[in-house]
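Peer 1: Chain by chain, the residues run as shown.
There are 2 protein chains.
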Amino acid sequence: MSDLIDISVLIGPSLPIWPGTSGWTLTNTSGDDGVMESTLLCDCHIGTHVDAPAHALPGGATSESLPLDLLIGDAMVAHVPDAHAITPNALESLNVPPGTRRLLLRTRNSLLWGKAFQTDYAALTPDAAQWVVERGIRLLGVDYLSVQRYDERGFKTHRILLSGGVTVVEGLDLSQVEAGVYELLCLPLKLTDAGGVPARAVLRRYSSSDRDTRQR
Amino acid sequence: MSDLIDISVLIGPSLPIWPGTSGWTLTNTSGDDGVMESTLLCDCHIGTHVDAPAHALPGGATSESLPLDLLIGDAMVAHVPDAHAITPNALESLNVPPGTRRLLLRTRNSLLWGKAFQTDYAALTPDAAQWVVERGIRLLGVDYLSVQRYDERGFKTHRILLSGGVTVVEGLDLSQVEAGVYELLCLPLKLTDAGGVPARAVLRRYSSSDRDTRQR
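Protein sequences, first through last, are from chains A and B. For the record, in the first sequence the residue sitting at position 14 is 61 according to this note's numbering, with numbers rising by one throughout. For the record, in the second sequence the residue sitting at position 68 is 115 according to this note's numbering, with numbers rising by one throughout.
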């Protein structure tokens with residue numbers, strides 16, 4: 048069994064696309080020499096991606112400054128009780144250990160991948176975002192295309208998280224991941240000036256010897 | 048000092064663009080709500096990227112099948128003697144230990160980042176590609192936009208590597224990397240059907256305790 052779990056969603060025909068956005072288009076060309084060239088047009092908030100502060104905070108930091116030392120490291124995967132709204136009470140019930148810096152929330156959303164876009168995905172309420180900030184969590188990962196509910200007015204949940212110094216990873220597929228602590232490897236493209244950027248994200252299982260000896 | 052070294056090049060204004068290709072274009076829009084959305088158009092062989100076999104081999108595997116277990120793991124960084132053509136003799140002089148699966152070649156190219164595209168970058172000859180395949184190296188990383196020389200006729204160097212089962216990572220910035228063994232974390236976007244795909248690549252220094260205990 049590989050120690051890697053790919054938690055990225057495939058940018059392909061079955062990827063759900065946020066309503067009103069451009070989604071993605073791949074163009075392949077092949078020359079007489081048999082060489083295939085590909086060009087990609089994509090919304091930067093497609094599939095598995097990381098939000099930059101500038102997405103929600105005018106004048107905020109853009110994509111090139113996303114912190115690699117947060118995007119790589121120990122992460123707790125927790126299974127969230129089934130509900131449309133993820134509240135502070137729901138988060139409290141997860142018994143997140145003090146000192147947890149990275150938290151990935153597995154919800155029923157992980158079963159929605161491969162289907163057309165759904166508006167009733169589970170996501171955080173603004174006060175749940177505040178809970179995340181106050182608990183000192185520095186990276187939050189969610190398993191659908193937005194950390195806030197589709198019907199939330201304004202952009203409050205995003206703003207609380209991003210102004211609170213939380214790096215937000217959206218569009219993870221956690222359907223194959225048991226609850227527990229893993230090493231998160233989340234690498235966004237090194238792109239200048241964007242409000243968000245597509246990423247590849249992988250979890251690595253720790254062996255027992257790793258867990259004893261690794262620097263955290 | 049962080050144990051991470053970012054060896055990706057920035058997709059930004061100073062990125063050299065291969066002649067005749069579309070390069071990249073980022074479009075940002077901001078709504079009345081202060082939310083910034085970004086759209087990226089890019090050549091999939093821009094900056095730091097991974098070639099899929101289909102790039103050079105008609106009917107070959109495309110980008111979604113790039114092997115994560117090769118793209119993550121121990122990699123040897125070697126400094127290559129200064130020359131336009133990287134020959135089998137040049138590779139032989141590196142004293143690559145038997146069993147090395149991943150080899151990253153640092154050349155004078157790493158000093159070319161930030162300048163306009165140069166045609167005289169250092170790259171492999173076809174027989175050097177054959178050397179790589181025969182030595183059992185499964186991942187080869189180079190520090191400019193192509194593994195083969197600009198003036199090579201045909202696409203032989205690419206074809207030898209890709210048909211030989213070598214995963215080719217191009218566009219690395221190794222200017223800050225001393226020779227030695229690191230953990231390579233190279234994560235391409237999870238994109239279907241393309242001949243190549245942009246990636247983020249990072250090296251991690253091993254601590255002495257890691258080196259003694261980690262699974263390779």
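For the record, the hints were derived by calculation from the structure and aren't laboratory data. Treat each hint with caution, since some may be false.
When chains are identical, the list treats them as one kind, so a pair holds in a single copy or across two.
Computed list of lysine to aspartate or glutamate pairs in DMTMM-like fashion (alpha-carbon distance at most 25 angstroms, straight line) [what the hints assert, rightly or not]: (1) Lys162 to Glu139; (2) Lys203 to Glu139; (3) Lys162 to Glu111; (4) Lys162 to Asp198; (5) Lys203 to Asp79; (6) Lys203 to Asp129; (7) Lys203 to Asp50; (8) Lys162 to Glu84; (9) Lys203 to Asp80; (10) Lys203 to Asp53; (11) Lys203 to Glu84.
Peer 1: Does each hint hold? Answer for all of them.
Peer 2: Now for the hints, and whether the structure bears them out:
| no. | hint | result |
| --- | --- | --- |
| 1 | Lys162 to Glu139 | neither (30 angstroms within a copy, 52 angstroms between copies) |
| 2 | Lys203 to Glu139 | within (21 angstroms within a copy, 59 angstroms between copies) |
| 3 | Lys162 to Glu111 | between (31 angstroms within a copy, 19 angstroms between copies) |
| 4 | Lys162 to Asp198 | within (20 angstroms within a copy, 47 angstroms between copies) |
| 5 | Lys203 to Asp79 | between (53 angstroms within a copy, 15 angstroms between copies) |
| 6 | Lys203 to Asp129 | within (22 angstroms within a copy, 55 angstroms between copies) |
| 7 | Lys203 to Asp50 | neither (37 angstroms within a copy, 35 angstroms between copies) |
| 8 | Lys162 to Glu84 | between (29 angstroms within a copy, 24 angstroms between copies) |
| 9 | Lys203 to Asp80 | between (53 angstroms within a copy, 11 angstroms between copies) |
| 10 | Lys203 to Asp53 | neither (30 angstroms within a copy, 33 angstroms between copies) |
| 11 | Lys203 to Glu84 | between (41 angstroms within a copy, 16 angstroms between copies) |
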